[in-house]
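Let's have the full structure, built from the sequences with the hints guiding it.
Chains as they are written, first to last, in our numbering: chain A, 1 to 246; chain B, 1001 to 1646; chain C, 2001 to 2223.
Some hints could be false.
To give an idea of the chain B side of the interface with chain A (calculated C-beta under 8 Å), a few residues [claimed, not checked]:
hint, residue
1, Arg1019
2, Tyr1139
3, Asn1209
4, Gly1213
5, Leu1236
6, Met1387
7, His1495
8, Ser1499
9, Ile1500
10, Asp1547
11, Glu1560
Because the hints were derived from the structure by calculation, they are not lab data.
Just so you know, these numbers come straight off a predicted model, no measurement behind them.
Idealized CB from N, CA, C, for every residue including glycine.
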Amino acid sequence: MDFTLKIWRQENARAKGRFVTYHVTGISPECSFLEMLDILNQQLIDKFEKPVCYDHDCREGICGACGLYINGRPHGQDDGVTTCQLHMRRYRDGDTITVEPWRAKPFPVIKDLVVDRSAFDKIIASGGYISVSTGGVPDANTILVPKEDAELAMDAAACIGCGACVAACKNASAMLFVASKVSQFAKLPQGRVEAKERVKKMVAKMDELGFGACTNTGACEVECPKNISLSHIACLNREYFKAKIL
Amino acid sequence: MIRLDARIPEGPLAEKWTRFKATQKLVSPANKRKLDIIVVGTGLAGASAAASLGEQGFNVKVFCYQDSPRRAHSIAAQGGINAAKNYPNDGDSVYRLFYDTIKGGDYRSREANVYRLAEVSGSIIDQCVARGVPFAREYSGVLKNRSFGGAQVSRTFYARGQTGQQLLLGAYGAMMRQVNAGKITFFPRTEMLDLVIIEGKARGIITRNLITGALERHFGHAVVLATGGYGRAYFLSTMAMGANGSAIWQAYKKGAYFANPSFVQIHPTCIPVHGDYQSKLTLMSESLRNDGRIWVPKKSEDAEALRNKTKLPADLAEEDRDYYLERKYPAFGNLVPRDVASRAAKDRCDAGFGVGSGLAVYLDFEDAIKNLGKDVIRERYGNLFQMYEKIVDENPYKTPMMIYPAIHYCMGGLWVDYHLMTTIPGLFAIGECNFSDHGANRLGASALMQGLADGYFILPYTLQHYLAEEILVPRMPVTLPEFERAENSVRDNIHKLFSIKGKQSVDAIHRKFGLKLWEMVGMARNKSGLESALKEFSALKEEFWKDVRVTGRYDEMNPELEKAGRVADFIEIGELMARDALQREESCGGHFREEHQSDEGEAMRNDDDFMFVAVWEYKASDREHEMHKEPLKYEDIKVAIRNYKI
Amino acid sequence: MSNLFTSSIGKKLIMSLAGLFLIVFLVVHLGINLSLIFSDTRESFNKAAHFMSSNLLIKIVEIILFGGLFLHMFYGFYLQIKNWIARGRFYSINNYSQTSFFSKFMIHTAVIITVFIIIHLSDFFFKSKFSGEIPVVFYNGKSYHDLGILVIEKFKIPGFVIFYIVCFIFLAFHLLHGFWSAFQTLGLDHRLYTPWIKVIGVLYTILVTAGFTLIPVYIYFFM
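Here's what the structure looks like:
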């Protein structure tokens, strides 16, 4: 298969970026999107040019490192996948594919398609945990969790922190990311203890970092590679009002 | 030479750890504030250690090459974590977990370390639940268990197919809590390139900022390596693309000994290779073997028809299928340990019964779906099935999965004593990057257990014991000549890489090397193969330093430069792996020497001559590595032939 | 409670509460308006209008209504500007995500509705409040402002009718997302009931906008 690629190239955080057009030929349909970029990079190296920088690590859809905005959609056109799980068989021979980095004020571009997502770490650091220290905890089975709650908590906890929700949202809102953590702990008895403190701190940090506000468009839910539901955002709102008003 | 002293506490096995804790030296809270600890790597071991040390009051500096600590490759572990809780009342105990681990490791691991691992395993589950890990539950609200390869009890706790992710996020949360509290400073996108030793003790590291390319110096009263395994040496593996052996290799070159480098684990259930552009192999959790049945055709003409796609798996009648694991190992069946399952798959494919590209076997859920229903299977493995379908474009509910073994884990690693300290005082190694617990083969769901045991419950004690002697050592300025020298050598190395301006990309050389490593130091090894591997690797090393092409500049984000440094080290590690495999004239665990097999093709161990840990010492670039032996004594366990047949 | 309203979620709480209030108001408004076309003497309509402008309680509600409308609009525009800033640089190819279509255009429909409200208020509400040029009508010997005739006169102008209908369509677009969205923002989400809220939202939107559309159309053709 042959493709024309329009890829965002940007030397560094301060530089002005631009789209550069490349052609790749003879790509196998079984090739993953990132492997196709590897092939492109090999071509560039052969010409002594700088290869395209993009984040990736596990290449099996769980680490959350990869994330490209492909033809107007984060992680490409497939639902429930990360960029590394997208395969070229999903494209037609001869397609033109536009690849951009995540665009959000709190995710500045570092180079080419690599963005700085440390804002997510800052949100977690502000309260995305249960404040127990190592040791001195009760036997695991003394904390009973209804199966349904455990399942819901797991649904939320599946978040890989890739940032597709922010990239997809027309408001660059991080509500789904924050909600996934808040909702996970809100549904577990061991997490309820400090639920109020947690949600207040995390929302304050999210606002401080300059993420947008949620308008319930649902784009995040659609693009989330782990299919995390919008209902967790409702849970976040609920938890927030409980913490602030009650 | 440093005498190898494992510093195992006196007393009966079951009391060693308790005795150590009761008599160890402690550091007062006031002094903890004055001590700095460097932790490299943020996987389960690194993140849990950093969190626990921060909670204790030490100043911790944490480094990872990823953009966030949450992305460390522990996150990819799927199946579960073992613990001797005996919740299902099926006869589990600390001793049995200890016994299974030693046996699973083919009697090549250290008794005292493994016993301690089993001993703290229960606390890990308690800790993780308290940290909000959403483990699977029964309707009653209690924790659910499942069985795993190499065990006859159900002792595996799991969170869907994402156990590693959930445990890591738990540890990551704990770590970020300490970041918030100011006890941890963390440096993402930073790679350790050298270790700094001052007066014989590990005192710091040299790092490269992967965004700006700047070299930085960091001081610590102690340095903890939690950098994972070196399996990426094979190029195609289930490891993350950035996973590397450079930190431990630099430590090795500075005097830390390397134990059992040839002991790598090949995981039986990976998605087979499909093309030469491929960058990565994807693991399908071993838990699938709980319900899936592994088979190949009985007749080679059927195998050929399946390869040509003139027949479909469903076309084969039950009597034409060879469920070879169930046939050969009736007691454990599809749940034999990983090395056994992997070799059996290779054996069938080599004999011409492979399907797919010829290097694949079926993992079939037809019976399980028939017996349990699609919903139960979906609940257990839904996300794994989905993952498979995304990659292969086939629906495993309808047609059997195809699997083939792939490199997955390194049992070998830096040699550590009971305190998890390497032969360099003040340098500790935890998690996969040490060698201590898994012998020649690791059981499923034990890597997560070991990572968290080391990080949450062992290192915080043993490191404190070490630091108690260091309380009078002031923080050292990074302007000391030792830092200067280390940074200069790193810089020289980087400039050297750029100056080659050869013709081959880093990946091209890595791919070539990886393929050779897989062929010659992979699932089956032999003397002549290993001898030629040694020659070929040193030739490849020369080729690398003559012909590699590193594009871009050093003072910018440059993944090519990062990869080049890692591959240079991988080639040297590969050499040592081959050397180690060559000296070990026996078959044990993941190490299978073709010369040492029974008539039935089973591995033959040689306990008389090889019941030791091979501990390698680096001499100099122009001198041979020297091997030392740490003899293994089994006092509480009867050494037996590993038998999964009856 | 402290700094609830400085947070993004707090601001959205106000927006959704105000929005729900406006949703209720639309029903009342529609009810009164419909009475205009069901009686030739415009008695019930004019009486209701009189009641709405003279009752003390209603006057208080009116203040809340205008306050709510203002807050809804103010925070809507304020958050939108913040959201544009949060994006930073825009994508060259815009998001094709398969999400609720109308949710993407709330700000656009909001601008149209704002313009409509200004025109609507200056035509009827301010006239009745602040200028005296309204004819008078007597029911049972009591005099009332004949607001009804004002409305009927206006809706005899074809351009005016079309303008209103177009605006109602945009209002429908706004409501189609806004109704459910208000519940979501309030955290009122439930596995069983949320699908019903969505259905009710669509029914409400259709009924209310159809009702409002009916009035000018009926007046133009039949009165």
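Okay, the hints, checked on the actual structure:
1. Arg1019: This hint is violated: Arg1019 of chain B lies away from chain A, its Cβ roughly 19 Å from the closest one there, beyond 8 Å.
2. Tyr1139: 5 Å, holds
3. Asn1209: Where the cut-off is 8 Å and the nearest Cβ of chain A is about 11 Å from Asn1209 of chain B, the hint is violated.
4. Gly1213: 11 Å, violated
5. Leu1236: 11 Å, violated
6. Met1387: Interface hint status for Met1387 of chain B: holds (7 Å vs cutoff 8 Å).
7. His1495: 18 Å, violated
8. Ser1499: At about 14 Å, which exceeds the 8 Å cut-off, the nearest Cβ of chain A leaves the hint on Ser1499 of chain B violated.
9. Ile1500: At 13 Å from the nearest chain A Cβ, Ile1500 of chain B fails the 8 Å test, so the hint is violated.
10. Asp1547: Violated - the Cβ of Asp1547 of chain B stays beyond 8 Å from chain A, reaching only about 13 Å at its closest.
11. Glu1560: 6 Å, holds
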